[in-house]
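With the hints as your guide, set chains B and C onto chain A.
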Amino acid sequence: MLNKLLGFIVKRELLKFLIFAAILLLIPFFFEGGYLLNILLFVGIHTMLAIGLNLLLGFAGQISLGHAAFFGLGAYLSGILTATYSINPWLAMFMAAVVVGIMAFVIGFPILKLKGHYLAMATLGLGIIIYIAFNEAVDLTGGPSGLSGIPNLSLGHFIFDSDLKNYYLIWTFTLVTMLLSINLAHSRIGRALRAIHDSEVAARVMGVNARLLKVQIFSLSAVISAIAGSLYAHTMTFISPASFGFNFSVELLTMVVIGGLGSIYGSFLGAALLTLLPEMLRAFQDYDIVIYGLLLILMTMFMPGGLVRCFSAFVVAAISPKKPEGGKGSA
Amino acid sequence: MLRISGITQKFGGLVALNDVSLTFRRQDITGVIGPNGAGKTTLFNIVTGIYRQNLGTVHLDDKDISGFPPEKLAILGMVRTFQNVELFGQMTVLENVMVGLHTRSHSGILACAFKLPGHLKEERVVRERAMQWLDFVGIADLAQVEAANLPFGKGRLLEIARAMALEPRIILMDEPAAGLNSRETAELALFIRKVRESGITVALVEHDMELVMDVCDYIHVLNLGHKLAEGTPREIQENTEVISAYLGEG
Amino acid sequence: MQLSEQLAQYLLSGLSTGAIYALIGFGFAIIYNTTSIINFAQGEFVMLGGMISVYFLSVLKFPLPLAILAAISIATATGAIFERLAIRPLKQATHLNLIIITIGGSILIRGLAMLLWGKDTHAMPTFSGNEPLNLAGATILPQNLWIFGITLMIIIGNKLFFNYSITGKAMRACACNRTAASLVGIDVRRMVLFSFVISSALGSMAGIIIAPLTMTSYDVGIMLGLKGFCAAIIGGMSSGFGTVVGGLLLGILESFGAGLISSGYKDAIAFIILLLILFIRPQGLFKKAETERV
Numbered sequence: 001m002l003n004k005l006l007g008f009i010v011k012r013e014l015l016k017f018l019i020f021a022a023i024l025l026l027i028p029f030f031f032e033g034g035y036l037l038n039i040l041l042f043v044g045i046h047t048m049l050a051i052g053l054n055l056l057l058g059f060a061g062q063i064s065l066g067h068a069a070f071f072g073l074g075a076y077l078s079g080i081l082t083a084t085y086s087i088n089p090w091l092a093m094f095m096a097a098v099v100v101g102i103m104a105f106v107i108g109f110p111i112l113k114l115k116g117h118y119l120a121m122a123t124l125g126l127g128i129i130i131y132i133a134f135n136e137a138v139d140l141t142g143g144p145s146g147l148s149g150i151p152n153l154s155l156g157h158f159i160f161d162s163d164l165k166n167y168y169l170i171w172t173f174t175l176v177t178m179l180l181s182i183n184l185a186h187s188r189i190g191r192a193l194r195a196i197h198d199s200e201v202a203a204r205v206m207g208v209n210a211r212l213l214k215v216q217i218f219s220l221s222a223v224i225s226a227i228a229g230s231l232y233a234h235t236m237t238f239i240s241p242a243s244f245g246f247n248f249s250v251e252l253l254t255m256v257v258i259g260g261l262g263s264i265y266g267s268f269l270g271a272a273l274l275t276l277l278p279e280m281l282r283a284f285q286d287y288d289i290v291i292y293g294l295l296l297i298l299m300t301m302f303m304p305g306g307l308v309r310c311f312s313a314f315v316v317a318a319i320s321p322k323k324p325e326g327g328k329g330s331a
Numbered sequence: 332m333l334r335i336s337g338i339t340q341k342f343g344g345l346v347a348l349n350d351v352s353l354t355f356r357r358q359d360i361t362g363v364i365g366p367n368g369a370g371k372t373t374l375f376n377i378v379t380g381i382y383r384q385n386l387g388t389v390h391l392d393d394k395d396i397s398g399f400p401p402e403k404l405a406i407l408g409m410v411r412t413f414q415n416v417e418l419f420g421q422m423t424v425l426e427n428v429m430v431g432l433h434t435r436s437h438s439g440i441l442a443c444a445f446k447l448p449g450h451l452k453e454e455r456v457v458r459e460r461a462m463q464w465l466d467f468v469g470i471a472d473l474a475q476v477e478a479a480n481l482p483f484g485k486g487r488l489l490e491i492a493r494a495m496a497l498e499p500r501i502i503l504m505d506e507p508a509a510g511l512n513s514r515e516t517a518e519l520a521l522f523i524r525k526v527r528e529s530g531i532t533v534a535l536v537e538h539d540m541e542l543v544m545d546v547c548d549y550i551h552v553l554n555l556g557h558k559l560a561e562g563t564p565r566e567i568q569e570n571t572e573v574i575s576a577y578l579g580e581g
Numbered sequence: 582m583q584l585s586e587q588l589a590q591y592l593l594s595g596l597s598t599g600a601i602y603a604l605i606g607f608g609f610a611i612i613y614n615t616t617s618i619i620n621f622a623q624g625e626f627v628m629l630g631g632m633i634s635v636y637f638l639s640v641l642k643f644p645l646p647l648a649i650l651a652a653i654s655i656a657t658a659t660g661a662i663f664e665r666l667a668i669r670p671l672k673q674a675t676h677l678n679l680i681i682i683t684i685g686g687s688i689l690i691r692g693l694a695m696l697l698w699g700k701d702t703h704a705m706p707t708f709s710g711n712e713p714l715n716l717a718g719a720t721i722l723p724q725n726l727w728i729f730g731i732t733l734m735i736i737i738g739n740k741l742f743f744n745y746s747i748t749g750k751a752m753r754a755c756a757c758n759r760t761a762a763s764l765v766g767i768d769v770r771r772m773v774l775f776s777f778v779i780s781s782a783l784g785s786m787a788g789i790i791i792a793p794l795t796m797t798s799y800d801v802g803i804m805l806g807l808k809g810f811c812a813a814i815i816g817g818m819s820s821g822f823g824t825v826v827g828g829l830l831l832g833i834l835e836s837f838g839a840g841l842i843s844s845g846y847k848d849a850i851a852f853i854i855l856l857l858i859l860f861i862r863p864q865g866l867f868k869k870a871e872t873e874r875v
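Chains as they are written, first to last, in this note's numbering: chain A, 1 to 331; chain B, 332 to 581; chain C, 582 to 875.
It should be emphasised that the hints constitute simulated quantities derived from the structure, not laboratory data. Mixed in with the good hints, there may be bad ones.
[Said to hold, decoys possible] What follows is a list of derived Cβ distance ranges for each label pair: (1) A:302 x B:337: 53 to 59 Å; (2) A:38 x C:712: 56 to 62 Å; (3) A:313 x C:642: 39 to 45 Å; (4) C:712 x A:298: 47 to 53 Å; (5) B:498 x A:27: 49 to 55 Å; (6) C:723 x B:415: 54 to 60 Å; (7) A:298 x B:477: 22 to 28 Å; (8) A:313 x C:862: 44 to 50 Å; (9) C:700 x A:29: 39 to 45 Å; (10) A:161 x C:862: 49 to 55 Å; (11) B:368 x C:740: 57 to 63 Å.
Glycine included, every Cβ here is placed at the ideal spot set by N, Cα and C.
Bound conformation, chain A alone:
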């Protein structure tokens, strides 16, 4: 009975998503603890970021080691426009997204001509250049001491100033991003992206404009990261360059790899794990870098499909019809 129900759900994308969304939206009613809510809020932001990177890395197969930079650009643009220039936060978010999208589009063309290692290094270099800019443009960004006084987002008189309110705000954005990405994954564009990943030359022969599509996805991925950055800025009301450096780019990469390249739910799993784990292992604070390194290596060696493959193999085993005892093969 349960098997059949699970099987039914798994095969219907929309139903699966609605259940997932319902669970996420109902969580605050069951867990009163403010601390947990705060962490889950970050899981939301990280999920958004991981999905953005996954579209580029897991689907299109293009590696980026500088994605924290787009996150930071969104945060700083929003922060500066609202704190220093008192622009409406929603407008600022929109402007930040547009600017980052255009930037990524323009730089995407030369950068995505590169492949493999060279692309990795180029994105790494790009990320570092932007990180250095955050630190050095002190007049604009406040430099290493950060930028404070960023207002919360608000709708009319309703201000998003508590963890609970921000939880819903962020997860609304995240769930929308998830839904749109799932749709994209199962569509013509999703197939075109995966085709580029498997054999770019064959994809082009089939009419896929690989060059343009890669840049479009790069840009989309950057926009998602920027929006996450804006949300982050308005939630924290204070940002500093330290959160947007190479270490975070690596953390994002780890989330995507662990969760499972090419799986949207996997990005959630990876984000959740890497956000919750450090909190649970508070005592092992300094070990986090070592653990990330080990996780990356071991997961890539032994579980290249990520946790999601593992999980879905488990689910498949659970829902497939049991074979009769003593029988051989299928009836």
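Positioned in the frame of chain A, the structure of chains B and C alone reads:
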């Protein structure tokens, strides 16, 4: 239908192709043969937009397509298959063919992300058509198999189905019989004929002489980067220059 | 200071750091040429060189030459272990997987360094004192001379090894064509191991000779590694002349940029150069472009 004129291609000091000119007549099955190193695959790569030629032009139905990238050629109705079968390994057999229908559908990023109604209808049509092409080559029962797990012979068939899904005017096959046993090659010959019957022009680079002589209406022979001879299969078989090129002097 | 003296100073310090970048670049080039892998962990071997030397010097109170020897040996052993455990088992790995694994390796090594030695920066004594010398109006420390001298020796050693020794030639053969190399009896897997061993040795040496000038800490590997990579890219991944020029060029541009434009953006200069080269001439300044075979 496809006219290649004066193609010259150099790789560093090596002249791979020297002033090669060939024509492929509409709805013919034309073969391109020659000993190893003759430049056949290089020629195909130039025609299909993967390399850029140093000199010379390519015309498709009198339209100059020299230097056009593969994606542009796909829209004009030209498709190719690969010597090393470039399948989308991590996608299912059905999905592979659905990519072949990429030029026959238009939903962009926004339409797909928001699942607009036009997109949904298009998906259904694409899926149905893809299944039909799998039927055409006889592997419909393997639709959900991951392409990387296909046995080699079926993989070749999948490539053909995928190429056909593009609804091309001309299909260029690069050594389709490579790695096939005689039964599979006979099957292949049948499919090539079926393809031509649908009104498509076929160009074939091949080493398997039986297949070539069996299936081709016309043959071009290349040797060491230049055109050696052309003619019907019978004429080529009796051409002494061709024979000595293959067998060597003496 | 007069302008010409200032410029001479920038030039000299640029050449000095450039030599280090060249050494690190060799490490990238050697592994890449033998295996087609870019070893993201290369910078960490540089870090290990400096950090381990400091540890042996200040904690275990070894004399300088022994500390250096210990550092090189341990770093080299780490390189070999890394190759054995993480690289060798993955013969079928995709490009992406290999990149992720070497990134994981670099993070792991860095994390372990942090656990062992903390986050502080450490100073290392110079090899032969601190009396500055005067050269064409610019001050040069003895350590700079050590850098030039050792780099020169390594360049010559490289040249001799790769051109005249059997192992060196075997490694070059692997770089050109692995299958052909294995068919003529070269143990490709051994050559791969050698390439890691040599690269980690060179990397650690680079880290040791620069540590007295720039201090060292657990995270110097990232920047140095990237800049070394940049040098190698400019040089077209050559394990000789090209990378040397690449490194020196990078060092000089960085030095002049920091001196004349802004010191905060100093690091950014290297990466801007990296991006420009990758965009415009990814094969480096010295090689002709290659066409891909389908």
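Now the hints, each set against the structure:
1. For residue 302 of chain A and residue 337 of chain B, the hinted distance range of 53 to 59 Å is satisfied, since their beta carbons lie about 55 Å from each other.
2. A beta carbon spacing of about 57 Å between residue 38 of chain A and residue 712 of chain C agrees with the range 56 to 62 Å that was offered as a hint.
3. For residue 313 of chain A and residue 642 of chain C, the Cβ-Cβ distance of about 55 Å falls outside the hinted range of 39 to 45 Å, so the restraint is violated.
4. As the Cβ distance of residue 712 of chain C to residue 298 of chain A is approximately 51 Å, the hint placing it in 47 to 53 Å holds.
5. Range check, residue 498 of chain B to residue 27 of chain A: about 50 Å between beta-carbon atoms, so the 49 to 55 Å window is met.
6. Taking the beta carbon of each, residue 723 of chain C and residue 415 of chain B are about 59 Å apart, inside 54 to 60 Å as hinted.
7. In this structure the hint that residue 298 of chain A and residue 477 of chain B lie 22 to 28 Å apart at CB holds, the actual value being about 25 Å.
8. Under the hint 44 to 50 Å, the C-beta atoms of residue 313 of chain A and residue 862 of chain C, about 46 Å apart, fit the expected range.
9. Checked against the hint of 39 to 45 Å, the C-beta distance between residue 700 of chain C and residue 29 of chain A comes to roughly 42 Å, which is consistent with it.
10. Checked against the hint of 49 to 55 Å, the pair residue 161 of chain A and residue 862 of chain C passes, with Cβ atoms roughly 52 Å apart.
11. At about 36 Å, the beta-carbon gap between residue 368 of chain B and residue 740 of chain C misses the expected band of 57 to 63 Å.
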